[in-house]
Each structure stands twice: as structure tokens, then as C-alpha cells.
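Taken in sequence, the protein lines are chains H and C.
Going by our numbering, the residue at position 366 of the first sequence is 366; the numbering climbs one at a time, nothing skipped.
Going by our numbering, the residue at position 276 of the second sequence is 1276; the numbering climbs one at a time, nothing skipped.
No lab work stands behind these hints: they were computed from the structure.
Idealized CB from N, CA, C, for every residue including glycine.
Please note: incorrect hints may appear among the correct ones.
Simulated crosslink set (DSS-like; lysine-lysine; CA at most 30 Å straight-line) [unchecked claim]:
1. H:K33 x C:K1158
2. H:K192 x C:K1309
3. C:K1090 x H:K393
4. C:K1347 x H:K75
5. H:K33 x H:K13
6. H:K150 x C:K1029
7. C:K1309 x H:K37
8. C:K1228 x H:K172
9. H:K393 x H:K7
10. C:K1309 x H:K150
11. C:K1090 x H:K172
12. H:K38 x C:K1309
13. H:K181 x H:K219
14. C:K1322 x H:K200
15. H:K151 x C:K1322
16. C:K1029 x C:K1174
17. C:K1121 x H:K150
18. C:K1309 x H:K181
19. C:K1121 x H:K393
20. C:K1324 x H:K150
21. C:K1121 x H:K361
22. H:K151 x C:K1309
23. H:K392 x C:K1090
24. C:K1322 x H:K181
25. C:K1121 x H:K392
26. C:K1283 x H:K181
27. H:K151 x C:K1174
Label pairs and their in silico Cβ distance ranges [as the list claims (entries may be wrong)]:
28. H:K150 x C:M1382: 26 to 36 Å
29. C:Q1016 x H:D111: 46 to 56 Å
30. H:E413 x C:M1030: 26 to 36 Å
31. C:A1006 x H:L106: 17 to 27 Å
32. H:E413 x C:Q1351: 34 to 44 Å
33. H:K150 x C:E1377: 35 to 45 Å
34. H:Y411 x C:D1157: 22 to 32 Å
35. H:Q430 x C:E1211: 52 to 62 Å
36. H:S409 x C:M1382: 28 to 38 Å
In silico negatives: residues of chain H with every beta carbon more than 10 Å from chain C [said to hold, decoys possible]:
37. E24
38. N31
39. K38
40. G85
This is what each chain is made of:
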Amino acid sequence: MAVQEAKRANRLKSGKLVNKLVNEYWEDLINAKKTGKKVVYTTGLPIGPFMAAQDMAWIHGEGYGARVAARHEEKEPQTFAENRGFNRELCSYARTQMGCAMFAELGVPDDLNPGPIATEIPAPDAIVTCYPGCSTGPQWDWAIERVFGKKIPWFNVVIPYHMGRNGSTYMKGEEFEENVKYVVRQFEDLIKFLEVVSGKPYNWDKFQELMGVTKTVGKLRMEAMDLCKAKPAPASFFDWSIQIAPVNYLTAWPGTIEAMQAVKDEVQERLDNGVSAVPNEKYRIFWEGIMNWNKLGWMADKFASYDATVVAGRYTHMAFWHEPDTIDPEHPLRGIAINHLECQLNLGYPITEERMMTLSKDYSIDGIVFHGARTCRSFSRSHFLLAENLNKKMGIQSTSFEGDMVDDSFYKEELVNTRIEALIESLEAQKSRG
Amino acid sequence: MYQNLASDEILNKLTQIAADPYERAKEWKMETGSKLIGCYIMHFPEELLHAAGALPIVLQVKEEPITTGHAYYPSYFCGPTRSIVDQAAKSELDFLDGFVGGDYCIQAVGGSEVVGNLLPKVNNMFFRLPVGNQAWTQGDIVTGLTELKRDIERFADKEISDEDILNSIRIYNKNRSLIREIYELKSVHPSLLSSSDMLSIIKSSMVIPKEEHNEILESLIPKLQAKKDSIKEEGVRVFLSGSFCGAPKNDILELVEQSGAVVVGDDLFHGYRYISDNIAEDKEPLAAIAAHYIDKNTNVPCPTRCDPKTDWPQYLVDSMRKHKADQLVIVMTQFCEPHMFFYPDIKDAMQEAGIPHLLLEISHELDSIETIKTRLEAFVEMAV
């Protein structure tokens, strides 16, 4: 029987550098209009460098939703969105950002008292959608476009689903090559669109420089995560979730190379000194699903209590510049397209399963936790198949529970406790059988 | 064959087909030895599959509770996708030779992935239909059609000529035109056909050879024409909207009419949306089909298409006026994200236009029919 003791996850300390950058980014964004910058709303993939090259500010819808939730300010915008008629089964990132956008456009109703971050969002000058493997993104951005009176120019980069037709596999095959060309052509059109919005010729030199930064940060992160194949792992999936901003909405932000280098150095130092993410690692877990931002710290400690390290996840390890070597900063569009096309949500089932099996082997995974984010159906669509097939093909045990990204009303804590405990017990039994 | 039957007898025949939607297709397969292709709702070029000598059928939601499928697809996904997964899990779709999925909704993508896994012997094809309406969208749809045509040709081992496609377009256009004629009749004489009858007409069209369906409709329409003036018209005029992908439940349609309303028009997928517009017969066929996706979305806007040049709420206001409808009943499939994103805009548009509307969010399991009945009765009574 697994016994839960009050143990704490040993989180990376270098994450504080990232916090500093995050604060700088939000400060810049909030004051964008005052400093004459155009503001672009984006959802989906990290495409900040496209706008940064033109000295424009950008808001990443999911990043904004996560920040609002991390500061526990999500209830008021979610309530506002629901009062207007948005169903609570809609993507909770979308509901949160829609609520904040409506505060900006319609004003704050008398019966709501939102926090400062939820009311700081500046109105958009343009909207750029770049969403992989999810129909929600473009529909969400279209709803934003309507909130602002159908006056905001909107560019939608269509990221085609990489199903795996006619033998196409990860980064290979006819379908893959067709998709890359298609996305590159759209990026070329996006650049023309941004020239119009910004009113000036595209600054390719700056863009290339930023993509050089992106490549370096991507490599540092992948190398640092790679170090966690060691047993015990020096850092966990929860650390990589906390450190996601420099490869997400902070992509190519000044200081991200130094911040990610510090993270990698700390992981290396831990490895050299035998310091682990969980004090007494007995089990190695794969987190399958999107992160639950308002439960992150609680969850990290929960697994630590069971001597279980969550060492990898599809969210962190199969996206966010996870193929940095494909980026040629001199000619960056193809590399950007590949990273976006081959990310975790955009792959057909057989490709997803193959990538999961590879990661499970590389990270010596004992068990999988399927976090069924109730309002992120893109992520949870293949959970049941993955659970069955990874067990059948690799003998990996799993558990699953429902939760959400930023709406904790979908969370049943006692059920989560029971499910995690059941997984740990089954892993313990498996280990004792040898 | 149908010419000697009365309109009610023909409608009964269509109701039987709709009630057991795959039976005629299975017979057709036995008779012809040709391939049957399931189209995973909601956007797919049936004409291309037909041109290859196959019979495309639109996979249908079954009203029975989901059981085996629970092991493969989470309960918080929409009923239409879960129902099709359930049918595949119960080996009820083993008769298919292939199926075509699409990327317009992530729940349909996921459902296709599961069905592909459950039916490994069935050829799993995919239609890439880019969203939006930018200068290049129509050309990109042609590319998606070309890719699908290539995959169908490989699967069917048959080259599809432009003449083949054009021939199929003509047959499908005829079907759409005939059903639109019935819609025109029903708008003026709403009691001529119940909304369940209309559903049977559309649903049967989706699952049997269009040539046969055309023949049935050509027999039915003159009989309806002859009957129309003898029908007594009464009731609150209601327009039905929504219910993407899956057919609205017959129980709900019957309740609308039992509440004292008559349905004068709709934009249901199993309704006017399916047949709203023809494909041009005087253009290069793939370009014509691509243009059709843009045009039909202008005529009856679809929230999955993300085309900011369209205005679904205004379309509904205009349709209500065109059909002299008094009230709008919105049937929203539970967990249908594209519909959920649009409801606030529809609500605002209806309030501004002074049109009463009722939102019914319908779960696949239909937890409480009595609640829906009470709400519908109270709503319709408002207009009496």
C-alpha cells in the first residue's frame, strides 16, 4: 500500500530568472499603446518573433489565460463570459480571455470586481491565428473579432493536420512535405499582412536575429530536458511547465538565452551532485495532457509524496521549438513550419503513439497519468486509445482523471487522489513482482 | 415503382430508410459489388466518391445510448462523434470499405482517429478543407480536393475523369434542387409535411444512392403539390436552427409541433444546410466544388468555416423574415464548440430584432424530455 507522506517537490531555483522576464513582457504589453506599439492578439503556436521583428506587441490568448489563472483572477472574466452566453464547456482559456477582452471593450459591469491583470488587456490592432490540431483556436479568434465589432484585421495561418496519410510519418513523407510548403507560403503572406498593419517594410534582419535566439533557447531546453533521462531525474515535468514561457509567448524575448542557460546549468549541477527533483524517486511517470495551471504546485508535491517523478509529458516534450535543429536563422520559415506542424496536438494518432512510445522508452517510464482537460478536447481526444495501446505494446500502467487548464470547477480533488493512489499501488505491485 | 404510391406511403418508405440508415447501402453493395464509403460528418465532397463508382453515405447518429464506445472516447465529447465511435466499437460499421474524415472540428478529427483504430481494414481517408475566406482559400480547397481525389483513385484503383465528376455533380445537384422544391412548399404550407417527414427526406438522401432518391422525390413532389391546398394551416410559425453534424432527435421535433408550432424553415445540417446550394456545372469540376464550399457558406453560414465575411446571426434574422417565422428554436448539441462560440451573437441579434428565441441544449442521452416539453410549451404559448 502506497503511503502518502508530506514531501515537497524539489523545484528548480533558476526559474526566478524566467519570472523576471515574464514581468518585463507584461509591463511592455500593458504599456504598448502608450509607447506607440501596435498590439496583435494571437492564439496557438508561439509566433511572437513575427511581430517582435516589426516592434509590435502581442498577446498570446492561452498565455494570458494562464497568467490570469495563476494570479487567481480567472473567476471574474469567466463569469462575465458566461453571463454573456458563452457556455462553460467552451475552452477555459478562451472564456477567460474573452471575458478580459470584453472588460476592455464593453467595460466592467457593476456586479463584478475583477483583478488588475484581468482588466489590463489592451485592445487589438490585428488578430493572427496560428493553431495546430484544434478547431477551437480559429473559432475563438473569430469570436474575439466579433467582440471588437468586426473591425479588426484578422489573418488565419491554417496549420494542416498531419494525419499520416500514405505512409507519412514524423517529419517524413509526401504529406509532411506538402504541409511544410503550404505553411511556408502562408507565413510569407503573414509577413505581408504585418507590413500593412505596422505600416513599414518587414525587418528581416531583426526576424533572423530573433529566430537565432529561438533556436538557441530551444536547443538549451531540449538538452536540459534530455539530462532528465538520468535516474533519479534532476528536474520534473512540472519544472518544464513552469519554464514554458521562454519557448512559448516569450519566444526570443531579450534575456531568454541567459535564463534557459541558467536552467540547464542548474539541472547539470544537480545531476553532478546527485540532487533529484523528488527526494526518493521510485517511480517515473509520464504526464499526458495539458497542464492544470492552478493546480501545478499542488500536483508537483502530490507526486513527490508518493516518491514519483513526473519526468516527461506530451505538452512539454513534443512542442515549443522541440526540433530546434530544423531552424536555419538565415531562412527561418521552413524550420518554424516544421516545429509547428510536428507539435503535440497536430499529429495523427499513429504518429502520436509512436512519439509517445519513444519518449516512454527514453525516459524509462513506469506509468502514465492521463489528465483529461475537460475543455481541451484536442488534447484528450486520443487518451483512451493511448492508454490501451501503450499498455498492450509496452506494458505501461496508467490512470486518468478529469480536470482543466484554468477552470478548477472541473476538478474533483478526492477523485484525483484516489486515482493517483491506485496507479502508485499498481506500480508498487508490478515492481514487487519484479 | 413509387408513382403509384400515395404521398404518405412514399414518406413512410423514406422514414423506414432513415430509421435503419445503413440497410439499403448494404444491399447496394451486395448488388453491385462496389465500395461503400462512410463520410464522417459534416463537410465532404460526396461527388468525388460517387465519381469513383463508390457509394458515399453520411454516417448517422444512432439515438440508442452509448455503451461500448465509452471505452474509446470521453463522455464530454459531442453525441454525434461519440455515437459513431460507439457504432464502430460495436462492429456495426464493419460493412464499410472506407471512410473520409475531416479537420473542421477537433471532435470529428478525434472521432476519425478512433474509428480508424477500431476499423483497421477500412481505408481511412481525409479531406483537408482550410477554414477562412482569404484570397487563396478557394485555391487551397482545390488542393485539398486534389489530394483526396488522388487518395480515392489509389483506393478505388480507378482514374476519375472530369466527365465522371461532372456527371456526379449533375446527379447530386438534381437531388439538392428537388429537396429545395419541397422546402419551398413547406415554407408556404408548413402543415403539408411534419418536421420529422423533412428529416426523413434529408436523412434518406444521405444514405441511399442519389439516383434512387431522385426517383423517389420525383414521384413525391407532384403528390405534395396536389395535396397542398387541402391542408389546413394553423400554429405558431417556428424556424429551427443548429443541430450540427447529427440529426435532431425525432422526439424533439415532435414536441415542437405538439406544442402548437409549425416549422416553416431551418438551417439544420440534416436539413436545409445540406442542400442549400448547387455546384456550378459549367466550370472545371474541382474548382466548382471548391467554389461551392465558399458559396454555400455564404448562403447558409457555418460556424466551423471561420469566414468573417459571413454573418450567421443576420442570416437567421433574414431567414425568419423571409419565412414569416414568429419564433426561433435553437437546437444546440451538447459540447458543440462552434455553436457555443456563436450563441451570444445570435442571442444579441435576436434581441435587437425583437425575435423571441429558445435555446435547447441537447445531450445525446436526453436526460429529461419532460423539461424540454415544458420549456417548449411555455415558449410557443408566448406567441399565441
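Status of the hints after comparison with the structure:
Pair hint K33 of chain H plus K1158 of chain C does not hold up; C-alpha atoms about 60 Å apart against a cutoff of 30 Å. Taking the CA atoms of K192 of chain H and K1309 of chain C, the gap is near 21 Å; set against the 30 Å cutoff, the hint holds. Among the hinted pairs, K1090 of chain C with K393 of chain H is consistent with the structure: their alpha-carbon atoms are about 23 Å apart, no more than 30 Å. At roughly 23 Å between alpha-carbon atoms, K1347 of chain C and K75 of chain H fall within 30 Å of each other, so this suggested pair holds.
Between K33 of chain H and K13 of chain H the CA atoms are separated by roughly 34 Å; this puts the pair beyond 30 Å, and the hint is violated. Distance restraint check for K150 of chain H and K1029 of chain C: the Cα-Cα separation of roughly 49 Å exceeds the 30 Å cut-off, and the hinted pair is therefore not satisfied. This hinted pair checks out: K1309 of chain C and K37 of chain H have alpha carbons roughly 28 Å apart, not beyond 30 Å. Note on K1228 of chain C and K172 of chain H: the hinted pairing is violated, with a Cα-Cα distance of about 61 Å set against a maximum of 30 Å.
Distance check on the hinted pair: K393 of chain H and K7 of chain H sit about 33 Å apart at the alpha-carbon level, beyond 30 Å; violated. Under the criterion of a C-alpha separation no larger than 30 Å, the hint pairing K1309 of chain C with K150 of chain H is consistent with the structure, at around 9 Å. A threshold of 30 Å between alpha carbons decides the hint, and for K1090 of chain C with K172 of chain H the separation of about 34 Å lies outside it, so the pair is violated. Of the supplied pair hints, the one linking K38 of chain H and K1309 of chain C holds, its CA atoms being roughly 24 Å apart against a limit of 30 Å.
In summary, the hint linking K181 of chain H to K219 of chain H is supported, as the alpha carbons are separated by about 24 Å, within the 30 Å threshold. Note on K1322 of chain C and K200 of chain H: the hinted pairing is violated, with a Cα-Cα distance of about 47 Å set against a maximum of 30 Å. Only pairs whose Cα atoms come within 30 Å are accepted, and K151 of chain H paired with K1322 of chain C is accepted, the gap being roughly 28 Å. With a CA separation close to 23 Å, the supplied pair K1029 of chain C and K1174 of chain C stays within the 30 Å bound.
Between K1121 of chain C and K150 of chain H the alpha-carbon distance is near 47 Å, which puts this suggested pair outside the 30 Å criterion. Distance hint between K1309 of chain C and K181 of chain H is fulfilled; the C-alpha atoms sit about 27 Å from each other, no more than 30 Å. With a C-alpha separation of about 20 Å, the suggested pairing of K1121 of chain C with K393 of chain H holds against the 30 Å cut-off. With a CA separation close to 28 Å, the supplied pair K1324 of chain C and K150 of chain H stays within the 30 Å bound.
A C-alpha spacing of about 29 Å is found between K1121 of chain C and K361 of chain H, which places the hinted pair at or below 30 Å, so the restraint holds. Proposed proximity of K151 of chain H and K1309 of chain C is supported: the alpha carbons are some 11 Å apart, at most 30 Å. As the CA atoms of K392 of chain H and K1090 of chain C are separated by approximately 20 Å, the hinted pair is consistent with the 30 Å bound. Annotation: proposed proximity of K1322 of chain C to K181 of chain H is violated, straight-line Cα distance about 45 Å (limit 30 Å).
Proximity of K1121 of chain C to K392 of chain H is assessed by CA-CA distance (about 20 Å); at most 30 Å being required, the pair is judged to hold. Our distance criterion of 30 Å between C-alpha atoms is met by K1283 of chain C and K181 of chain H, whose separation comes to about 27 Å. With a C-alpha separation of about 40 Å, the suggested pair K151 of chain H and K1174 of chain C falls outside the 30 Å cut-off, and the hint is violated. Checked against the hint of 26 to 36 Å, the C-beta distance between K150 of chain H and M1382 of chain C comes to roughly 31 Å, which is consistent with it.
Checked against the given bound of 46 to 56 Å, the beta carbons of Q1016 of chain C and D111 of chain H, roughly 55 Å apart, stay inside it. The hint said 26 to 36 Å for the Cβ distance between E413 of chain H and M1030 of chain C, and at roughly 56 Å that hint is violated. The hinted window of 17 to 27 Å between A1006 of chain C and L106 of chain H is violated, with their beta carbons roughly 57 Å apart. Here the CB-CB span from E413 of chain H to Q1351 of chain C is close to 40 Å, well matched to the stated 34 to 44 Å.
Range check, K150 of chain H to E1377 of chain C: about 37 Å between beta-carbon atoms, so the 35 to 45 Å window is met. A hinted range of 22 to 32 Å is violated for the C-beta pair Y411 of chain H and D1157 of chain C, which are about 52 Å apart. For the hinted restraint 52 to 62 Å between Q430 of chain H and E1211 of chain C, the CB-CB distance of approximately 59 Å keeps it satisfied. Taken as a hint, the range 28 to 38 Å holds for the pair S409 of chain H and M1382 of chain C, whose Cβ atoms sit roughly 33 Å apart.
No beta-carbon of chain C is positioned within 10 Å of the beta-carbon of E24 of chain H; the least distance is around 33 Å. The Cβ of N31 of chain H sits about 29 Å from the closest Cβ of chain C, beyond the 10 Å cut-off, so the non-interface label holds. Residue-level check passed: K38 of chain H sits 19 Å from the nearest beta carbon of chain C, beyond 10 Å. Not every CB of chain C is more than 10 Å from the CB of G85 of chain H (nearest about 4 Å), against its label as outside the interface.
Hint violations for this structure: numbers 1, 5, 6, 8, 9, 11, 14, 17, 24, 27, 30, 31, 34, 40, all remaining hints satisfied.
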